[in-house]
Structure formats: structure tokens, C-alpha cells
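Number of protein chains: 6
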Amino acid sequence: MRFEDTNWMGVEAYLKKDDRVMLVLGACEQHGYLSLLTDAKIPKKLAEAASEASGVLLAPPLNFGCSPYFLSYPGTISLRLHTYLDLVEDILRSLYGAGFRKVLILNGHGGNTPVRDHLVELANELPDLMMRWYAWWTRPIVTQISQEHDLINQHANWEEAFDFTIVSEMPKETKPVPKSGDYIHGKDAIRKIYGDGMYGGAYQADPAIMQEIFDGCLAEILERLKFE
Amino acid sequence: MRFEDTNWMGVEAYLKKDDRVMLVLGACEQHGYLSLLTDAKIPKKLAEAASEASGVLLAPPLNFGCSPYFLSYPGTISLRLHTYLDLVEDILRSLYGAGFRKVLILNGHGGNTPVRDHLVELANELPDLMMRWYAWWTRPIVTQISQEHDLINQHANWEEAFDFTIVSEMPKETKPVPKSGDYIHGKDAIRKIYGDGMYGGAYQADPAIMQEIFDGCLAEILERLKFE
Amino acid sequence: MRFEDTNWMGVEAYLKKDDRVMLVLGACEQHGYLSLLTDAKIPKKLAEAASEASGVLLAPPLNFGCSPYFLSYPGTISLRLHTYLDLVEDILRSLYGAGFRKVLILNGHGGNTPVRDHLVELANELPDLMMRWYAWWTRPIVTQISQEHDLINQHANWEEAFDFTIVSEMPKETKPVPKSGDYIHGKDAIRKIYGDGMYGGAYQADPAIMQEIFDGCLAEILERLKFE
Amino acid sequence: MRFEDTNWMGVEAYLKKDDRVMLVLGACEQHGYLSLLTDAKIPKKLAEAASEASGVLLAPPLNFGCSPYFLSYPGTISLRLHTYLDLVEDILRSLYGAGFRKVLILNGHGGNTPVRDHLVELANELPDLMMRWYAWWTRPIVTQISQEHDLINQHANWEEAFDFTIVSEMPKETKPVPKSGDYIHGKDAIRKIYGDGMYGGAYQADPAIMQEIFDGCLAEILERLKFE
Amino acid sequence: MRFEDTNWMGVEAYLKKDDRVMLVLGACEQHGYLSLLTDAKIPKKLAEAASEASGVLLAPPLNFGCSPYFLSYPGTISLRLHTYLDLVEDILRSLYGAGFRKVLILNGHGGNTPVRDHLVELANELPDLMMRWYAWWTRPIVTQISQEHDLINQHANWEEAFDFTIVSEMPKETKPVPKSGDYIHGKDAIRKIYGDGMYGGAYQADPAIMQEIFDGCLAEILERLKFE
Amino acid sequence: MRFEDTNWMGVEAYLKKDDRVMLVLGACEQHGYLSLLTDAKIPKKLAEAASEASGVLLAPPLNFGCSPYFLSYPGTISLRLHTYLDLVEDILRSLYGAGFRKVLILNGHGGNTPVRDHLVELANELPDLMMRWYAWWTRPIVTQISQEHDLINQHANWEEAFDFTIVSEMPKETKPVPKSGDYIHGKDAIRKIYGDGMYGGAYQADPAIMQEIFDGCLAEILERLKFE
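Chains as they are written, first to last, in our numbering: chain A, 1 to 228; chain B, 229 to 456; chain C, 457 to 684; chain D, 685 to 912; chain E, 913 to 1140; chain F, 1141 to 1368.
Honestly, the hints are just simulated from the structure, not real lab data. Any given hint might turn out to be false.
[As the list claims (entries may be wrong)] Straight-line C-alpha distance at most 27 angstroms; calculated DSS-like pairs for lysine-lysine:
1. E:Lys1138 to A:Lys179
2. D:Lys729 to C:Lys501
3. F:Lys1157 to E:Lys1104
4. B:Lys330 to C:Lys648
5. C:Lys501 to C:Lys682
6. B:Lys420 to C:Lys682
7. C:Lys635 to B:Lys454
8. C:Lys558 to B:Lys420
9. C:Lys472 to D:Lys876
10. A:Lys45 to B:Lys273
11. D:Lys863 to F:Lys1366
12. C:Lys473 to D:Lys876
13. F:Lys1332 to D:Lys786
14. F:Lys1156 to E:Lys1104
15. E:Lys928 to F:Lys1319
16. A:Lys192 to B:Lys245
17. F:Lys1319 to D:Lys876
18. E:Lys929 to F:Lys1332
19. D:Lys876 to D:Lys859
20. F:Lys1157 to D:Lys910
21. D:Lys786 to F:Lys1157
22. E:Lys1084 to E:Lys1104
23. F:Lys1242 to D:Lys876
24. B:Lys244 to A:Lys192
25. C:Lys558 to B:Lys407
26. E:Lys1014 to A:Lys179
27. F:Lys1242 to D:Lys863
28. C:Lys648 to D:Lys701
29. B:Lys420 to A:Lys16
30. E:Lys1104 to E:Lys1091
31. C:Lys648 to D:Lys863
32. C:Lys648 to B:Lys454
33. F:Lys1185 to E:Lys957
34. C:Lys635 to B:Lys330
35. E:Lys1091 to A:Lys226
36. D:Lys701 to D:Lys910
All of these numbers come straight from a predicted model, not from anything done at the bench.
With the sequences and hints as input, model every part of the structure.
This is how it looks when you write it as C-alpha cells:
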């Protein structure tokens, strides 16, 4: 059940028998040929499937994240990190205030990762709030499936090219991985290095592989929702 | 066209011929019997219709706003006002940085209104950024249609009960308007005063009236999108 | 009694028998031909009269508010909204810490209104702090008196032209109301639209009307000071 | 001329021939038997006299400052230091934006001193803004006059007991200086140590001495207003 | 050369021929049996060696970082993430203001990593500032050396047990890696899970291995200092 | 004992019998011919000697402070005052959280003084935290020794020229004290006024005088560490 499909009475009734909730942290940023909302769409799809399978409530998705390095690609909307830390904290405090005690955070974007550290400060303050963090693309299962198919995992490549994130014709060729070094690049340097915004490898993969990844992650999410 | 349905190349192409964009400011808060996302859904529906009719790009909706007074109703997620001011500012700076110069902000929630004042500070800094503010429920046209049908406009009553915001059986009776006074009430006082969260009047109105309101607002939005 | 006319022993003695206090939120901004401190002077005069009549303590006036849109008129001093929210919160926390529990806030300036929303967050934290908000120019009684005399209410027009806010010769003519649209204008646009800074209507009205308004508001303030 | 006695046209005319302005930083805090606004009243009186003698414009007084150590004395209103830094910065930015380039800051309260350091950051950003800081009670001339009359200078003692700051009967005796050590005391410790809030010495002095101090400081202020 | 061994004239002279500088980001936190300053000491030692070999200036070490999860271990000093972001930004702005354009940041602590994302915002603002980030323990060379010796890399285990970080007798046994799951643990949970604060594996390794790691990292740092 | 020479078990054992700790607040800023870290080195040396003599624990030194006025001297690293207030607060909260209740703050830099006022806010919140503030160069004993030797006390002159802060040849002559007035100078004005960065008087004094000062301050620190 999604927040948008219910009212406060629905949540109040739910909280009498359950205190779990899922929260999707997305982003609106360049993803090469893929949708600007790719990083929101993937965890949202997973969360909706997990909600249906488990009955766990799903909070509304946060469509904005931190992508300062992509600001030279039009369509990227990036929050300052300071803003983002406060924002996610506020959402979690509201959920806690309502009575939720077990939150599975489904993060879809690498640039959002610093908030995980900030939430430790919240955990110190609210020791009875259980928070789990799930970033699907960092999972061993994803790497494993990729390697089985001789594919590499990179931003905006096949790995994120689900049928619901593809919004245009996809290139057929494979792109070499650009060299970035260990510089802290600003937006213009990044666009110069990455060109179309894809970070290398194949642009698209067999739908069966995508399904395999989706199903693998969904299974892991359902496992985590047990909060054991 | 919505951001989520395109990629950065799509936005770059668009910006070569147009610099308008719409931004929906919503909220996730109690709306009596209606969806917790009512304040996001209504301006989003209007914006999607306006985008289709005009071709103006639509940024992703912000699903969270400021509703500290409703925090005793489970399902309400409220950002601190400080956080919210920064958040909306960041979104607008990103849009400006990409090249957008005319932004129509479609606000769906009264508690978000303070950010309008904050955006004047941004306007001082970026004098070539045109920002318009449209809050559908405050429009004379809405009051006029309501009065023609002997209806009053209140939070979470018939006025917001569109087919896409109704998520449960709606009460048939009419509710008297609770007395609130001019106190700055905290969350518990508010719940005590407003009970089911609806602020008085009828819970639902004839679908034809809803359509009339929707169409009236849509026409006004399309007019404003001309930025004349 | 005003804070400035007493010492801490005076306040301590007062708090043993009463816990009410008034706080004036003013502004220093262009008011056309009127005093730059118009928005502080009017609520201050009302508060002083109310204090005399009721014996309720009056805190020192806050002479600064939020007027970013008027910064192209010299003499306007405007605080960032972030600063203002913290400032008013700090004042209220100090009053609360001293033992005051009933605060009547007399706001004199529209640009300060966002802090009302911020104070809900404070109300959530301090549920035994009663705060009331009174903005004299928004009161039905003011509109009613105006309409009885065929006058319209606008920034810096006759409505605010009390003998204690007039600092120069006043124009005799009537000014048409400039068209502003629903743009979020920056300071330069505002000055271009509003010229002398008055928003339309008559510059001055009969002193008897001014007295009527003053007395009407004073009566309402005294009523509110009962905190019933 | 004071801001409150003029309108924006008055300031605009003034700025065509002068770019000097005075700003009073006060406080609302316990001053023993003296007015809670003592620290605003003294620099304000001095500034008004200086304005009359020199024609330099006087901005509205800031009635609130930083006095966390006095919060156990009712009537003290203290801003967090963070808030205060932003507040004074905002005022100065507005003055600068209007065209003022020479600001004489008349500080009346020791607890406000940290903002002086913060203003160096502003000076780095706005190198053509000249700011001078005058804290009357720290002046050698005041110490000298005191010593000539065998008086010591302490918070809320005779030194601040002007006819316009006295609000009650004053004790006749002399108070020994309490021992405070170099601890960073909180509010309760401070009240325990200082009792009636006066820091030692005589409660009142001969009016002629007070006049001598007032005149001496006024002369220094007028000298500083030359900005040579 | 270290900042502490020179004066401003020394830096001014240096800047005429070079614009490189190293900055050590450390932490003061529990490291099991090792020094509380382990995360500052290791990058500092590396930086001092690199400075000697290359002549590149070394700024003073920042001894404090973000370790909210270790606050139940006495001796841990942790900054809020918000504070830390501002702090590192301020240091870099000062270095930039002085004329440095190539900064190699030597981070010694995983909890500091979020600031790397924040620095992208700085890079957007100062495009001619080159910043590189080096976190020695994340380097492939370290993993490789470890694997060659059948050792695993964990917080506070042998990997950080250099002669200059060891402050007490070290346990001889090997510790199993505790299970943490993907929870965002607060400080008490962390202490319960990790006991003595070491994260598993051997407590100490052969000094030759330590030297091999030190030398490998030093070589990489010297390579990076070329800023090619 | 210094934090860096022990581990968390060492601190835990210490806290069972003692709750005192020293904290050094330094700065990295121009000191004329002296080390850029002069303001950290002097209190650190004193603290280390005091720790040895008394057994009181010594936290790691904070090498950065607030010196916005010296930013035109390369090598100066200055934190914004806002940042610094938070930073020192965070350190003290961590120490308090660990169980320390008596903190002697050894400040080495005048520009850090505003944080003393901020710590009063912390003292209000944590009334059982005793904090003492010691700024060696402001002590009567230092003035007295100086006067006995006909020396004046100024930034970066002989007074701070200890053998451990001298990093280059020292001028032999005496420098007249530059006139600064009571302006709030920005960085460029300051460099213009102070030239080599020394504020006047002799550049160096007899080592015996330096030892006398060091010993005098050390004795005072040891006295304060009794927290009587």
C-alpha cells in the first residue's frame, strides 16, 4: 500500500498492527539516454512490488537528490548536501513521530549516500528507530549477475536500462569507460569527460537479464523487510 | 512533457526553443478521508494537462511540504520550514542553471506559502528569472464556482475530493466548521479541534462541479504559461 | 507596562500573578510618504494602549522584519527569512523560559507572516505555550470601516496614515492601483511597478476614520488578551 | 534625523549628499534595578544627540542582543549567537545596498561583542564599506572619569544609572564585587553569584558625573562620525 | 615543509613557484587497542614523508572528523556532519584565497567521506581549484598486499597497527568479524556489536608488511602530487 | 596523558577516577616572523606540561580558528565564525557525552574569543558541565612580567616568540605600534596597516623572560585544574 492510496485513518489502522515502512530516495539527474528520473523509478518499482508482496506501507518517493557533478547536463536538479541531510532527517522524524519504528530506505542514487552517515546521528537520538539502507546497484547479487553475462556496472549503462527507464532510442554500440582519476571534478569537467553521460559498457542488455536483477533485488528487499 | 519521460538531451533540445517550465509543490499530509498526497495530486494533474496542451516541460513533483500542525495525524510528513525554504531554492537554482527563465510554480498546499516570500530573495539575486505562483484553491474562479453551488471552501472537503484523490468511502453528511480562533495551535490542539481532519462543509460534490473547477484552473494556468 | 519601564524584579513580581505578554513585530521599510517605521509604530501604539488598559506587559518592539521586495527603496532594512524565523523563535523561547505562557503577537507587516507557520513548530515543542496572532490590517473590522467610507485598503495608503506615521506632506490625489500580476517580483521590478511605494487609493483619510479603526482594533486586542 | 521620522524619499535625498549612518545595538536584559532596556537606551540617547548635532542619519535601534547568562532573570530576552550574527549582518547588508558606506555602530552591550568579529567577514566581502565600532562603556574616558570620582565600572551599577534608565528606587549602599572566577557560567550559576544582578560598587552616582560621561562619549562619537 | 615550520613569508615565497598543498583529514575516535588519533596519524606520517620527498607544503592536520557511531566509546570526539562540511569547505576556501590551486586531500577516516561530495559544490564554484582525494586504506595496493599475506582489512585491525599508532599491548589472537547487517546503527548498538572496537582479523602484522603498505601508499601519493 | 597516546580503554579507565580534561583552541594564521601555528603551539606546550605535572588528560589540539582579518597573509586558514561556534560545541558535547565534567579550555588566539559566549548557551543546557577558559596572553601575570622588563604585549611580537614558535631569523629592531583606529578592517586594510604582521614592540626577548612567562602561566593552569 502506498501513502497516496490511503488516508490518515488508513495509516492509523496500519500502525496498530505493523510499524514498518519503506522510503524511496531518488534523484533527478542526467542518466545518459535514460530517463532523468531513473534513480527514483528503479527503487520505486522495486518498492511497489515489495509493498504488494508484503503489505508493508510505502511512503511517497523523494524525487530529488544530490548530483552537483551533473549540473552541466540540463534537466539535472541537485540539492545542496546541507539541504538534503535536513530533508531526509525531517522525513524520518515525521515517520517516527507517527509511530513507525522500522524503516527500510531504498536509495537509488550514489550521490545520496552521505545522508546515511547523517542518519547515524538520528539513530543516536532515537535508539528505538530501526533503519536499514538498501542501495540495489551496490549489491553483490547485481555484480554476480553482471559478471555471468560479461557486463560491467556503470552509471546510466545497461544496468539501469529497464523498460520503464528507457525514454528514447538506445545506442547499440559499447562505450569505453572514460578515465576520471581521483579528482573531485566540478560539473563542467564531468561533462567534458563523460560526454553523453553514460559511464561505459553496453547501453542496453537482454530484458531477461534485467528481470533477473529486478527479481534478485526484490527478493533481498523482501528478506530485509522482515527486520530480523 | 514530463522530466521523467525524457533525458538530458531532450531537455537540452527543448531549451533551444523554449525556457518555460512548471514545478509542482505538493505535500504529504492528512486530508480527512482523501489521499495523503491530495496536495501533490491536484496540481500535478493540472500541470500534466497543461503540459500536454501547451508543450511546456514539467519538472518532477515535490511530494513533501510543511504541515507541522497535522503531525498528530499519522501519515503526515512535514519538513521544517527552514529545510523547505532551502529545498525549493535549490530546485529553482538548478532549473535556472540549466537555462530555464520562466517558471510557473503550481503550489497545492497552504503550508508551503512562506516559501513564496523566500523566493523574493532569489528574485533579487537573479533578476532575469521570472517566477509565477499559482495556488489553485485560492483563485476567485474557485470561490465563484463554489458559491454558485452553495458550497464553502475548506481543507479536505468536497473542494479537494476529485476522483483521483478519493481513496475511501466518503461521508454523506455535512460537517459544521470547527472554531479555531486565532491561536497558533500545535499538532495536538489541531487534531482535537478538527477530528477527522476535514475543516467543514460537504465531503463531496457533484463530479460536474469538480470538472468545472478543474477546467477553470487549467484555463488560467494555460493563460499564465504565456508569461505575458 | 512596557519592559523598558521596569526591571527584572518588576517582571518577576508580575509573573507571580499573570503570565500574559504582548510582542510587537514591526518592520523598517518603505511606506510611500509615511514613516519607514510605520509597521512598527502602528502595532506599538495599539499595544501600548492595550497595555495601559489591561495591565498586560509589553515586550520591546522588534523594529526589523522581512521586506526583500522593497530593497530598492532606500531606508528599507530587510532580514533574510531564515534569520527572521530564528529571531522570533529566540524571543519567544526567552519569554517562555521566564514563565510567560500566553503571548499575543501583534504583527504590523505582511512580510512577517511566514514566521507564523514557523511558530507552529514551536507550539509542537511547547504545548503549554499559548500564542495568538493579531495582524490589525487583515481584520474584517478594518475592511468594514473602509467600505463604509468608500476606501480601499492598500500598503502605505490612507489606511496606515495615522498622525504618528505621517512624516511629510501627503499627496491630495488618489492613486490608481498598479497591476502586479502573480509574479514573484524582485526589488527592482517592484519599484518600477509601484513608483512612490504606495499601492493605490487615497493617501490620507479623515482623522475620525483613523480613530475608528484604531479603537476597533484596540477593542479586539483587549478581547484577545483575555485568552479565553 | 531618525529613520522613523522620515520616509524613503527622505533617505534617498540624504544619500545624494551623505553616506553615513549610525546603528544602535542594544539588548533586553536584567540590569539590576535599572531598566531592562538599559543597553539600548544609553547608546540610543547618545546616537540621537549625535544625530541632532551632526545631521547623520540614525537607523532604528535593535532592542535585542545576546545575554544567555542572564536568562534566569525574568525579562531577559536573549538571541542565540548564531541568530544574532545573521541578524546584524542582514541589517548592514541592507544599509550597504541602499548606498550607505560609513556606518558607526554604537553597541550598548558586552554580550554583543562577538558580532564585531563576524563583521570582519563582511568587511572582506565589501571592502568599500567602512564600519566603526563604538562601545561607550569600554572607553578610556569613562574609566578616567570614574577613577576621578573613586568609582568602579561594573554591569548595572552607577555607571549605567542615567535618569532615563532608572525605573525604581535605587539602593543607597555599595555592593561588594562578587567573585566569578574564570568559569563559563550558565544562567543559574550567574543568578546565584550576582543576586540582584548588579556587579558591584555604587548603585548610583551624582548626576553631574553622569552628564560628564554622557558628554565625553558624545564628543567622541561626533569625532568618529567624521570618518577621518 | 609543514605550515607550522614556516611563517607567512615562507608561504608567500613558496606560492611564487608552486601552488600545491596537502591537507590531512583525520579523526579522534576509538580504534580498539590503537591510538585515538590513528586516523590522523597515518595520513599525517604519509604526508610528512611525501612533503619531505617532494617539497610540497603540508597544511596543519585536522584532528577531528565524523564518527557518530563510536560515541559510546569514551575518547571519541565526533563533529556533526553539517559542521564538518562547513569546516572542510572553510579550510579549502582559505587555501584557495591564498593562491593554492592544487590540493591533495589525504583522508584517514571513512566517516569523513561525505565531505568529498560536498566539495563538488565547491568545485562548481571554483573551477580552477584542482582537488584530489586520497584515502590510503581504500587503495587496491593495500588490498593486494593484504591478500598476499592472507590478511583481511578491517577498522582498527593490523592494517592500522603501525609502530606510531600502537599505544598498548596488542592482543595476539585473531578476532572473528562481527555481523552488523545493513542497519544504520546508533552508538550503543555499535559498541554492543564490536566490543573492543576492532572489526575483525589479526590485531597486528609483521612490521615488514606495514612498511610495504606505507611505502606503497607513499609512492602513490608522490605520483598524485604531480597533478598530471 | 594525551588522547593520541592512549586508546578508548585508557580513557574509560581514566574516567573512573577523574572527569577533568584540557582542550587547546589554536589557530593557523600569520604571526609575523613566527610560526603559522604559534597560537596552537603555545597553549599546547603549556597543556602538555600541565598534563605531565597533573595527570589530567589532554584532548587533541584544534589547529584552526577564526582570523578573517589575516586572510591576505598567505598561510592563514580561517573558519567562518558560524562554523567555529558549531565546531567547538561539537567537541565539548562529545567530551561531555563520554563523561568528562570539568573542561579547562586553553585558548591561544584572540579571534576565537566569541566562542566563549556561545559556550554559555551550552552551559545553560548542561548545567553539570564545568568549563573554564584560560587565555594565557590576557593574564595579569603576563602584563606584569612584561612591564618589569619594559616590554609591551602585541600580536606576534616577542611575547609569542618562544624557541618553539621561532621559525626564521628574527629582526633585531623594535617596531612602532601601527595605528588602527576603531574601524572593523577587512583583510586588505589590515595587511596595509600591519605590513610584516607584527603589531609593534620588540621582535624577541631574553629566553629567561620567556621562561618566566611560561612558568607563570603553567602555575596558573595547574591551579585552575584543581577546579576549586
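Checked hints:
no.: 1; hint: E:Lys1138 to A:Lys179; in the structure: holds (17 angstroms)
no.: 2; hint: D:Lys729 to C:Lys501; in the structure: holds (21 angstroms)
no.: 3; hint: F:Lys1157 to E:Lys1104; in the structure: holds (24 angstroms)
no.: 4; hint: B:Lys330 to C:Lys648; in the structure: holds (20 angstroms)
no.: 5; hint: C:Lys501 to C:Lys682; in the structure: holds (19 angstroms)
no.: 6; hint: B:Lys420 to C:Lys682; in the structure: holds (22 angstroms)
no.: 7; hint: C:Lys635 to B:Lys454; in the structure: holds (17 angstroms)
no.: 8; hint: C:Lys558 to B:Lys420; in the structure: holds (20 angstroms)
no.: 9; hint: C:Lys472 to D:Lys876; in the structure: holds (20 angstroms)
no.: 10; hint: A:Lys45 to B:Lys273; in the structure: holds (21 angstroms)
no.: 11; hint: D:Lys863 to F:Lys1366; in the structure: holds (17 angstroms)
no.: 12; hint: C:Lys473 to D:Lys876; in the structure: holds (24 angstroms)
no.: 13; hint: F:Lys1332 to D:Lys786; in the structure: holds (20 angstroms)
no.: 14; hint: F:Lys1156 to E:Lys1104; in the structure: holds (20 angstroms)
no.: 15; hint: E:Lys928 to F:Lys1319; in the structure: violated (30 angstroms)
no.: 16; hint: A:Lys192 to B:Lys245; in the structure: holds (24 angstroms)
no.: 17; hint: F:Lys1319 to D:Lys876; in the structure: violated (42 angstroms)
no.: 18; hint: E:Lys929 to F:Lys1332; in the structure: holds (24 angstroms)
no.: 19; hint: D:Lys876 to D:Lys859; in the structure: holds (15 angstroms)
no.: 20; hint: F:Lys1157 to D:Lys910; in the structure: violated (61 angstroms)
no.: 21; hint: D:Lys786 to F:Lys1157; in the structure: violated (57 angstroms)
no.: 22; hint: E:Lys1084 to E:Lys1104; in the structure: holds (22 angstroms)
no.: 23; hint: F:Lys1242 to D:Lys876; in the structure: holds (20 angstroms)
no.: 24; hint: B:Lys244 to A:Lys192; in the structure: holds (20 angstroms)
no.: 25; hint: C:Lys558 to B:Lys407; in the structure: holds (19 angstroms)
no.: 26; hint: E:Lys1014 to A:Lys179; in the structure: holds (19 angstroms)
no.: 27; hint: F:Lys1242 to D:Lys863; in the structure: holds (19 angstroms)
no.: 28; hint: C:Lys648 to D:Lys701; in the structure: holds (24 angstroms)
no.: 29; hint: B:Lys420 to A:Lys16; in the structure: holds (20 angstroms)
no.: 30; hint: E:Lys1104 to E:Lys1091; in the structure: holds (11 angstroms)
no.: 31; hint: C:Lys648 to D:Lys863; in the structure: violated (61 angstroms)
no.: 32; hint: C:Lys648 to B:Lys454; in the structure: holds (22 angstroms)
no.: 33; hint: F:Lys1185 to E:Lys957; in the structure: holds (21 angstroms)
no.: 34; hint: C:Lys635 to B:Lys330; in the structure: holds (19 angstroms)
no.: 35; hint: E:Lys1091 to A:Lys226; in the structure: holds (17 angstroms)
no.: 36; hint: D:Lys701 to D:Lys910; in the structure: holds (14 angstroms)
When held up to the earlier numbered hints, the structure conflicts with 15, 17, 20, 21, 31 and fits the remainder.
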